[in-house]
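Novice: The listed protein sequences derive, respectively, from chains V and C.
With the first sequence counted from 1, adding 165 to any position gets you my numbering.
With the second sequence counted from 1, adding 165 to any position gets you my numbering.
Read the hints as simulated data drawn from the structure, not as lab findings.
One or more hints might be untrue.
Where chains are identical, the list cannot tell them apart; a pair therefore holds if satisfied intra-copy or between any two copies.
With a straight-line Cα cutoff of 25 Å, these simulated DMTMM-like cross-link-like pairs (lysine to aspartate or glutamate) come out [to be verified]:
{"id": "1", "residue 1": "K574", "residue 2": "E622"}
{"id": "2", "residue 1": "K574", "residue 2": "E559"}
{"id": "3", "residue 1": "K397", "residue 2": "D330"}
{"id": "4", "residue 1": "K397", "residue 2": "E200"}
{"id": "5", "residue 1": "K536", "residue 2": "D500"}
{"id": "6", "residue 1": "K536", "residue 2": "D179"}
{"id": "7", "residue 1": "K397", "residue 2": "E332"}
{"id": "8", "residue 1": "K451", "residue 2": "D421"}
{"id": "9", "residue 1": "K280", "residue 2": "E235"}
{"id": "10", "residue 1": "K280", "residue 2": "E355"}
{"id": "11", "residue 1": "K280", "residue 2": "E622"}
{"id": "12", "residue 1": "K370", "residue 2": "D557"}
{"id": "13", "residue 1": "K536", "residue 2": "E225"}
{"id": "14", "residue 1": "K451", "residue 2": "E418"}
{"id": "15", "residue 1": "K280", "residue 2": "E200"}
{"id": "16", "residue 1": "K618", "residue 2": "E193"}
{"id": "17", "residue 1": "K574", "residue 2": "D233"}
{"id": "18", "residue 1": "K574", "residue 2": "D557"}
{"id": "19", "residue 1": "K574", "residue 2": "D375"}
{"id": "20", "residue 1": "K574", "residue 2": "E547"}
{"id": "21", "residue 1": "K280", "residue 2": "E578"}
{"id": "22", "residue 1": "K546", "residue 2": "D557"}
Number of protein chains: 2
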Amino acid sequence: MPDELLPSREYIEDFRRAGHATVDWIAEYLANIREYPVLPRVSPGDLMDALPASAPDSGEAYDAILRDFEAVVLPAVTHWNHPGFLAYFGCTGSTPAVLGEMLSAALNTNGLHWKTSPAIAELERVTLDWFRQWMGLPDDYFGIIYDTASVSSMHAVAAAREMADPEARTNGCLPNLVLYTSEQSHSSIEKAAITLGIGQRNVRKISVDDQFRMRPELLRQAIIQDISSGRKPFCVVATVGTTSTTSIDPVSEIADIANAYNMWLHIDAAYAGSAAVCPEYQWILKGAERAHSIVVNPHKWLFTPVDLSAFYTRYPDILRRAFSLVPEYLRPQEDPRAINYMDYGVPLGRRFRSLKFWFVLRYFGRTGMQKLLRSHIELAKEFAGWVDEHPDFERVAPVPFSVVCFRYKGSDEDNRAIIERVNESGRVFLSHTALNGQFVLRIAIGNLGTTAKDVREAWALIQQAAADRVQVSERS
Amino acid sequence: MPDELLPSREYIEDFRRAGHATVDWIAEYLANIREYPVLPRVSPGDLMDALPASAPDSGEAYDAILRDFEAVVLPAVTHWNHPGFLAYFGCTGSTPAVLGEMLSAALNTNGLHWKTSPAIAELERVTLDWFRQWMGLPDDYFGIIYDTASVSSMHAVAAAREMADPEARTNGCLPNLVLYTSEQSHSSIEKAAITLGIGQRNVRKISVDDQFRMRPELLRQAIIQDISSGRKPFCVVATVGTTSTTSIDPVSEIADIANAYNMWLHIDAAYAGSAAVCPEYQWILKGAERAHSIVVNPHKWLFTPVDLSAFYTRYPDILRRAFSLVPEYLRPQEDPRAINYMDYGVPLGRRFRSLKFWFVLRYFGRTGMQKLLRSHIELAKEFAGWVDEHPDFERVAPVPFSVVCFRYKGSDEDNRAIIERVNESGRVFLSHTALNGQFVLRIAIGNLGTTAKDVREAWALIQQAAADRVQVSERS
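Same shape as in the complex, but just chain V (with noise of 0.2 Å):
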């Protein structure tokens, strides 16, 4: 065995060569996105099929593992970097966090305790708390980042049940406990209550108005009765920016309903917080100050790449009280300033993330964000006139931010055919939802690259869609 078997030299300059060919590559593929189709076109098995059923024997040279690359896997990359997604939520890999994501890598460093890598500790409190000054939250908000706003949220249904019943964590889950949420509210909610042994049957979907927000009154009464019944309501979850419409719950009267009942509030911003950068929306996080955690994703309209989610917490001693398990061979030193993020919840190895988000933070800045975020707003509240305007299409729900929920005035199956031709022109992707039991269609703006071209150019695939179908109808 060779006493330098590496890093050797030759390794390191392989990966030079390689590493300026990929930033070239990279460079490359951002500049030239619009001509991918933003959907792949292959079908389900066509990448297994085309690699070997198993790994080589030997190491292979980095050139032919880019060629696969780009002949193999990138022919089955469905493009979220492309300006013309315009589905689920909108969202970007900047560069700016390429590059952190680069260093990441390289340094490997892991966030265990705070000696493992105080870098982590201490870059992740500075980022997540230039954030909350952004967005005009309370400064007794801590931050910590998970990978995902379903497992933010988790933890923050986690939190409320150790303030519900400070033995849960010895004793198991009480069999009474009860959540309540709005009946728009994410799937992750309800996995939430599944996942921590609350039971969906322990879920209450509170109904909406017709602007699509939870209405607090029937909150109260839900929460009255469950009472009366001998059950313990322990947590409501808000809304601010709904998956399907954006809409927004009144986060200040639900925080007095769960302030009067004693409840953990959480508040899932995960998409629509972003907005809040910008002074004119942080009434949208009005409330936020008598709540107890809040999500929000910079990896949804931050143009930082998945994944990072920022959970704030007022109670970080709620959820350390939650998580906290310290076995001898990692027990760190105790200082007040070197926080142990994996007290919180339940990953031990914790990435870099907030790399890439100082990364983004300082190269966009304040004002530059806000540019950002508005032109999304305005490129939204721009195709929702359009829509307003068109005597076949309806708008089915208000325009906060920067989704338009419409239809085609004609059938479900009208609306299926629409998309599903708008999808295979290959320039844009939109998704769908379902509101009043109807089909809807549903354009979401987020992409650092999306213009006012992109959404021309969708706005006028639908309306030939819309068109082609009305001939095939007439014809048939």
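Knowing the structure of chain V, use the given hints to seat chain C on it.
Specialist: The following block gives chain C in isolation, referenced to the frame of chain V:
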């Protein structure tokens, strides 16, 4: 608002320049890694104090960000990529993985379900199947990537809960479920029980033998006793490569018991499972063919940066039943090859993690990987020999893999002083554990760059620190 705000040519070329500079920086960092102290010489708060209290209003240039990265962030990094990193479990951000992460961040594709990125869904299946074959695991094991072993094991225990009580997701967690694991198992198992609503008091920590392996006869006794008290044993977690000593639970005997009582058997092989890439180590997974799930972390010993935990289960349908929020009767007639990984766990968003793993598997190949793993095991055995031969030191556990547990034949205080002195050198970083009530030193070899030179240096530093300690004691 200009039509072409971004990506403009300027944005792309700005990235290209900074990207090339960053590749060169990484190459130099890795080439000169031994010049950095493994543990950073910072105090809690240093990094936070060195950065501005708020994010910038205007965007900044890459030069300024990269300069601060070097001046402020880097000095607070614990260098897990240093060949002298001999703490916890060694791990590596190898260069093929850095390329994979660059591309993954640039594509920013997100695998919610198959269509949102066929490449994510299918490359995950390909790479985990390749890895499964390397370890000699049966082909009925279905692979899925989670971020960390803690999260993988939590999903295993959730599937176990589902198997024991298919009503759990609806009604919440039964109060009488009992989980069994050894007193040497990782804290994440107990944390899973806390999270899932099972409760710490329903975790039985079975005693170990003098080689730190779970004692199957005590497991059986505990199960029988719990059944007779009306409790429901539902899950056993065996460990192959425990965190303190890398001991190997007798999986086959444990599988006999788990199967007899219809319990889910999960194998935590987060660290040591990778050794099975070498055929002479595949015996460690004997019994896995009768287990229900297993976790192995490529981000530990397989030269893949955090995070990438490979979870395998022979019962993916049970896992899906536990977590899918699309009721089975509504599930559309789908292509069985179009896997939707979101149905198998808590997170909905999914990074393109398999890409870096695919780069790693191909770059090293099976024989390259075997050579590295064997070299680490050889180095550990050599180190163990030095300890055994030294009159003032003693080894306190067998060395089946690449970790040696040992101590100076003195007080706990002596050993504490020795490790502190050694770690202050900046040349190596060791961690400690507790065994049989004693403070124990631990050397863990697993970094790509660790050579005989590093291990010899560690041993010299340890001996020197012990000798100095004797002098100090004699003088005082």
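Novice: 25 Å Cα cut-off: does K546 pair with D557 within a copy, between copies, both or neither?
Specialist: Within one copy, since 18 Å is at most 25 Å while 77 Å is not.
Novice: How would you label the pair K451, D421 (within, between, both, or neither) given a Cα cut-off of 25 Å?
Specialist: within (12 Å within a copy, 58 Å between copies)
Novice: What label fits K574 with D375 when the C-alpha limit is 25 Å: within, between, both, or neither?
Specialist: within (19 Å within a copy, 75 Å between copies)
Novice: Is it within, between, both or neither when you check K397 against D330 at 25 Å Cα-Cα?
Specialist: Both, since 10 Å and 23 Å are each at most 25 Å.
Novice: Should K574 paired with E559 be assigned to within, between, both, or neither, using CA atoms and 25 Å as the limit?
Specialist: This pair counts as within: shortest intra-copy Cα distance 7 Å, inter-copy 81 Å.
Novice: 25 Å Cα cut-off: does K370 pair with D557 within a copy, between copies, both or neither?
Specialist: Neither: 33 Å inside a copy, 67 Å across copies.
Novice: As a check of your reading, is K574 near D557 (CA-CA no more than 25 Å) within one copy, between copies, both or neither?
Specialist: Classified as within; 5 Å inside a copy, 86 Å across copies.
Novice: Quick one: K536 to D500, C-alpha cut-off 25 Å, is that within a copy, between copies, both, or neither?
Specialist: This pair counts as neither: shortest intra-copy Cα distance 40 Å, inter-copy 42 Å.
Novice: Should K280 paired with E235 be assigned to within, between, both, or neither, using CA atoms and 25 Å as the limit?
Specialist: between (40 Å within a copy, 19 Å between copies)
Novice: Cα distance capped at 25 Å. Does K574 pair with E622 within a copy, between copies, both, or neither?
Specialist: For K574 and E622, the Cα distance is within 25 Å only inside one copy (20 Å; across copies 76 Å).
Novice: Go through the copies and call it for K280 and E355: within, between, both or neither, with a Cα cutoff of 25 Å.
Specialist: between (36 Å within a copy, 23 Å between copies)
Novice: When no copy is named, should K397 and E200 be tagged within, between, both, or neither for a Cα gap of at most 25 Å?
Specialist: neither (56 Å within a copy, 58 Å between copies)
Against the hints set out earlier in the document, violations occur for numbers 4, 5, 12, 17.
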